[in-house]
Structure formats: C-alpha cells, structure tokens
Amino acid sequence: MRRKTPFPLTNIMAANTNSRRQFLLDMAKTACGVGMLGLGLGLYARQARALPPTAIRPPGALPEPDFQGACIRCGMCVRDCPYHILELAKPEDDLATGTPYFVARKIPCEMCEDIPCVKACPTGALDHQLSDINKAKMGLAALVDQETCLNFLGLRCDVCYRVCPVIDKAITLERVHNFRTGKHTMFLPTVHSEHCTGCGKCEKSCVLEVAAIKVFPVQLAKGELGKHYRLGWEEKKKAGESLVAPEIEHQYTLPEGLKYEQGPGLSGEAVAPPAAPGAQPGIPQALHGDKL
Amino acid sequence: MSADKKMGADAVMAKGWLAAHRWLLLRRATQLGILALFLLGPLAGIWFVKGNLAYSLTLDFLPLADPYVLLQSLLTGHVPEKLAFTGGAIVIGFYILAGGRSYCSWVCPVNMVTDFAAWLRRRFGIKSGARFSRQTRYWMLAMTLVLAGATGTIAWEMLNPVSMLHRGLIFGLGTAWAIILAVFLFDLFISPDGWCGHLCPVGAFYSLMGKTSLLRVNAARRAACNDCMDCFVVCPEAQVIIPALKGAAKGLGPVITAANCTNCGRCIDVCSKEVFRFGFRFINKADNNAPQGETTALGNRP
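If you're matching them up, the sequences are chains F and E in order. Using the numbering used here, the final residue of the first sequence is 292, and nothing's skipped along the way. Using the numbering used here, the final residue of the second sequence is 1302, and nothing's skipped along the way.
A few of these clues could be false.
Stated by the list, open to error - As a list, the in silico BS3-like pairs of lysine-lysine whose alpha-carbon atoms are at most 30 Å apart: (1) E:Lys1082 - F:Lys119; (2) E:Lys1211 - F:Lys29; (3) E:Lys1082 - F:Lys137.
Said to hold, decoys possible - FRET-style restraints, in silico, Cβ to Cβ: (4) E:Leu1037 - F:Leu231: 55 to 63 Å; (5) E:Ala1249 - F:Arg20: 24 to 32 Å; (6) E:Gly1041 - F:Asp114: 15 to 23 Å; (7) F:Val210 - E:Ile1126: 51 to 59 Å; (8) E:Thr1212 - F:His84: 39 to 47 Å; (9) F:Arg20 - E:Leu1214: 48 to 56 Å; (10) F:Lys106 - E:Ala1009: 55 to 63 Å; (11) F:Pro63 - E:Leu1037: 31 to 39 Å; (12) E:Ala1009 - F:Met27: 39 to 47 Å; (13) E:Phe1282 - F:Leu220: 54 to 62 Å; (14) E:Ile1242 - F:Gln22: 38 to 46 Å; (15) F:Asp145 - E:Gly1172: 47 to 55 Å; (16) F:Ser131 - E:Thr1212: 40 to 48 Å.
Since the hints were derived computationally from the structure, they do not count as laboratory data. Glycine included, C-beta positions come from ideal geometry on N, C-alpha and C.
Just chain F, same shape as in the assembly:
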C-alpha cells in the first residue's frame, strides 16, 4: 500500500502502536538502505576526484574537483571540437563518468584561436574567461625520461621542440656540453611551465615507442617552492642592487701570484715558493712558520 508522508503520524498513533512501530521500522529500513547506497556512491565519487595522469581536460577546465561539480556531462564541448579530440568518459574509464577529456598521445589539442569547446560549455565548467588559447593550462608537459630521450643521448631529434605551438617559449633547447664524446653539444628540450598550455603535441609527436615527454595534469607535473623561499638573483633584480650590504668580497687562498675573479676565473702565474729550511714534508705550507 502507498504510505503517506509522516504527517498522519498522530492518526497512526491513535490507531495502534503496532502500525506506528511498523511505520518507524519501515522508515529506518529505507533510510538505512538509501544511506548505505549514498555512502558507497560518496566514496566512489571521492576517489574519482583525482584525475588519472593520462586524462587531460579541455582548455579552460576548472581545477578538479570543482570541474566535477560544474560539468553536467552534456558533451557540448565534444560536439563543437572541430578536430574530434574530446571524449566523454565511459563508466569503465577511471575518471568521473560522462566528463570530457582527451589523451595527448592519441590525439592532442589543436589550440583553436576561437576556442569553440569553451564557448559551447553551458555551465562554465570550461571557464568562459579564457579568451586567449595560449593562456590555457590543460596540463603541463614534462620530459620524464632522460634515459631514452634522443636529444639527451646526444642526437638532434628536436621533434617535440619543433611541433610545439609555443616554440622557443614553452620548450627551449638548452645547450649543454656532451661529456660522453667530449667534443659535442647536447640540445636538451626544456619545458617552461609559464608558457606550456598542455596541448600535448610534444607527447603525440615524440618518436619513441613510448613518449619520453608527456603531458600531465598540472598538479601532477608541477613542483612548488616553500612559501618563504626567495630567489636571491630575482630579489636582486627587483631591488636593483644586492639585498646583502655591503656585498661580501670573497677571499681566496691561492698560491702567490694567482688571482681569481668570478667569471674569467684564474689568472696570473704562480710563483714557486722557496723551500723553507727544515720544512717537514707532508705539512701544508700555510702551517709553516708563525703565519697561520
């Protein structure tokens, strides 16, 4: 039979205590059952708040888990992506069911200038404030394996550097002496988080069987300095002068005649000291005599 809301409780009480007992028991049964389901679902949802490392959200996506509160899983971004890059997560995928993502190694973001996916989003889960695709932070590339990166092996692969839509800003080639050969230069691809949009082109184009450079959700790829850390050279630039005054003049203990300057290095010619009479071999020069 259909049970009414708790309001006719007084009638039931008047009728008999058995039906009141039954009523309360039924309420408890329902509340417990639904509560248990809710608990399970809640725990499942909590687990899904972390984004798996290969899933990259579309441009402008709010940070997880805010995104999962804002995205209503309508798939409008998927539809308006002209390159069919985005997918909606299926129940078996390890991110929140129905939410949009792409896998960089499969197909990266083409970084359309008019950002149609963001415009299509009806809820602002993809932030409509994003108007310049170069400011997007879909993820962050990281050269995760220096052992297999061809440039680290001394070759000139450079593919990730060349395909980068923000070339020479998001990825630069840092020149380093190749100590293995002793006479070559290595051109090390280096990602700069300030400019990397996380489009995934570098990961997609890495020529290796498994990419040595990968795009991760920003919070997985980025370190963070302690809040109290100050970079001396930047503070100096900001202040226009050294913050430690007066600047310390370094004293070097050098053989006579030699001079050391920061930058140029050693200069001058060492004067061979005369052998002190009675000097004991093995005792440093400085400890001889009374001049310490």
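Dock chain E against the given chain F, drawing on the hints supplied.
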C-alpha cells in the same frame, strides 16, 4: 482482470487494436523520435540537436537543460552560466504545463527498458517481488542532493542510469549497458516497477516539479467503470488512480492529481469503457452524461 483473461483484451475488442494502443504508440514514437533527433548528428551528420538530456542546443538556438542536474551543480557551489539557466527555465516551464513525470514516460529512455520488464512480468505472470515504499525515491532524491553538497561533485552522475543510457547511446555506451541490464533485471525479478516507480530520484524530482501541472489524466466517465482492473494492472503508479476513479463517494474529483502520474495514457488505452481522457487540472468534473449502472462488483464481471 480475471486470471484467464489478457489485460487489455476488452479494450481491443471494444475499440480495435489501434485505438487500444494509441497513446502507447504515440509515446514510443515520441521517445524514439527524440532519441533519433539526438542520434541524427553523430550518425548522419545532421545537427538538429547537440548534446544530451542534461543539456542540449536545438538548431543552434533553443537551449534545454535538466533542472535536476543544474540543482545538483548549484549545491556543489558552482553557479552555471546564463545559457544553462535559460535552458533549465524553459524545461521547468514546459513540465509545469505538461506534467512533471511526463518526462519519465515520454522522454526518458530507461522507460522503454522498465516498460519491457513490466510487460514480461505480465506476460509470464512473474509475481515475485520485494515490495518497498514508493517514497524511497524521495529519500534517494535527498541523498543525491546531500551528496552533491558533501562531495562538491555531481556524484549521482557516476551512477545515474537515465543519463548514462541516453548519453551512452549518443556518445558511446561503454559498460553502461551493465547498469541498464541491472535496472532491467531488478524490475523483472526483484521488484515490480522497482526502478521507475520506487527508486529513481530523477523521476522523484520531476514529480515534485509537476506537482501542480496543468495537463492531467481525467477519469471523466468514472461512472462507466466496470471494475475490470485493467488500468490498475497496466499503470506503473497504480496508487494514483484510486482517488480519481473511486473517489466519487468521498467527493473527490475525477482528475488524477497525484504527482506521480506519468501521463503515459495507458489507462486511456486499456479501458474498454473509455473512462479516462486527457484533461486539465482545473476542470475537475466528471462527465454528467456518462452511462450509469454498468458498474459491477469486483471480479464479478460477466
């Protein structure tokens, strides 16, 4: 309905097969038509409608949004863009007129799954079933709303068979079929009308939205009722019929005012006496010229 008589047979005999299935056919056509409109884009590249039941844009002009998922999103602390609100308002307005749970029987794709389970139950006389309160759905509704607030995510969407089936058909089903199969088997073997009639919080939400809706089924010719019980057998929310059909003595009007009537119109179809018809909430009067004296005692029908 006597045990040896097929439900709806009287109606077919009295009105013909087509008239006895009119609303059912219309309803299936609507459900499949809506689905086809959504599928036309991905399958044929004709984009009348983009999106899914959570939010869609028709002809790049008309936004429609599910107010239930928007409410959950609001409870997570996110304020959606204007477009979603506009879509939600249009949908709320529509169902306030057309009956909240019309969504269930005319739009929701899970309805076809659970209707099929109900049909099989009748066909094979499956009587087994755990019976529990139909109010459970409101507990479920409360649970999903609390969960949205507590987790800060639209947690119910991780499980919701309604959106999962509709989204799945359009964007790729994946293992969502297993959840739909579970709903089907639950309805078939465990609980009659178990999902749509007892548990589904989406239906619960729409029932509250349509509590005062305009379009309602009216047992206008209730005086002609011959107690064949076919409407009770076919109705997925049979409790809603009783006050309208049998409330004449208590002075109750013939309009089915209960929020959980899904306006599916099956009672209209299966009634050989044409007791029911669609009408409006505020015209709550029985037809005066209805034939009298055809009523017989329950189960005592010639």
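Check: Are the Cα positions of E:Lys1082 and F:Lys137 separated by 30 Å at most?
Finding: holds (24 Å)
Checklist line | Cβ separation of E:Ala1009 and F:Met27, checked against the hinted range 39 to 47 Å | finding: holds (41 Å)
Item checked: Outcome for the supplied range 47 to 55 Å, where the beta carbon pair is F:Asp145 and E:Gly1172 -> violated (32 Å)
Notebook entry, point to check: Using the C-beta atoms of F:Arg20 and E:Leu1214, is the stated range 48 to 56 Å upheld?
Noted result: violated (38 Å)
Next item on the list: Could you see if the CB distance from F:Pro63 to E:Leu1037 stays within 31 to 39 Å?
Entry: With a Cβ separation near 35 Å, F:Pro63 and E:Leu1037 satisfy 31 to 39 Å, so the hint holds.
Check: Taking the CB of F:Ser131 and the CB of E:Thr1212, does the distance hold inside 40 to 48 Å?
Finding: Holds, at about 43 Å.
Note to self: Against the range 55 to 63 Å, how does the distance between the Cβ atoms of F:Lys106 and E:Ala1009 compare: consistent or not?
What the structure shows: holds (57 Å)
Notebook entry, point to check: CA of E:Lys1211 to CA of F:Lys29, is that 30 Å or under?
Noted result: Cα-Cα ~27 Å, so holds.
Checklist line | Assessment of proposed distance window 24 to 32 Å (beta carbons of E:Ala1249, F:Arg20) | finding: With a Cβ separation near 28 Å, E:Ala1249 and F:Arg20 satisfy 24 to 32 Å, so the hint holds.
Next item on the list: State, for the Cβ atoms of F:Val210 and E:Ile1126, whether the hinted interval 51 to 59 Å holds or is violated.
Entry: holds (53 Å)
Notebook entry, point to check: For the pair E:Leu1037 and F:Leu231, does the Cβ-Cβ distance stay inside 55 to 63 Å?
Noted result: holds (58 Å)
Next item on the list: Indicate whether the distance between the beta carbons of E:Gly1041 and F:Asp114 respects the range 15 to 23 Å.
Entry: Holds: the Cβ-Cβ distance is about 21 Å, inside 15 to 23 Å.
In this structure, the earlier hints numbered 9, 14 and 15 are contradicted, and the remaining ones agree with it.
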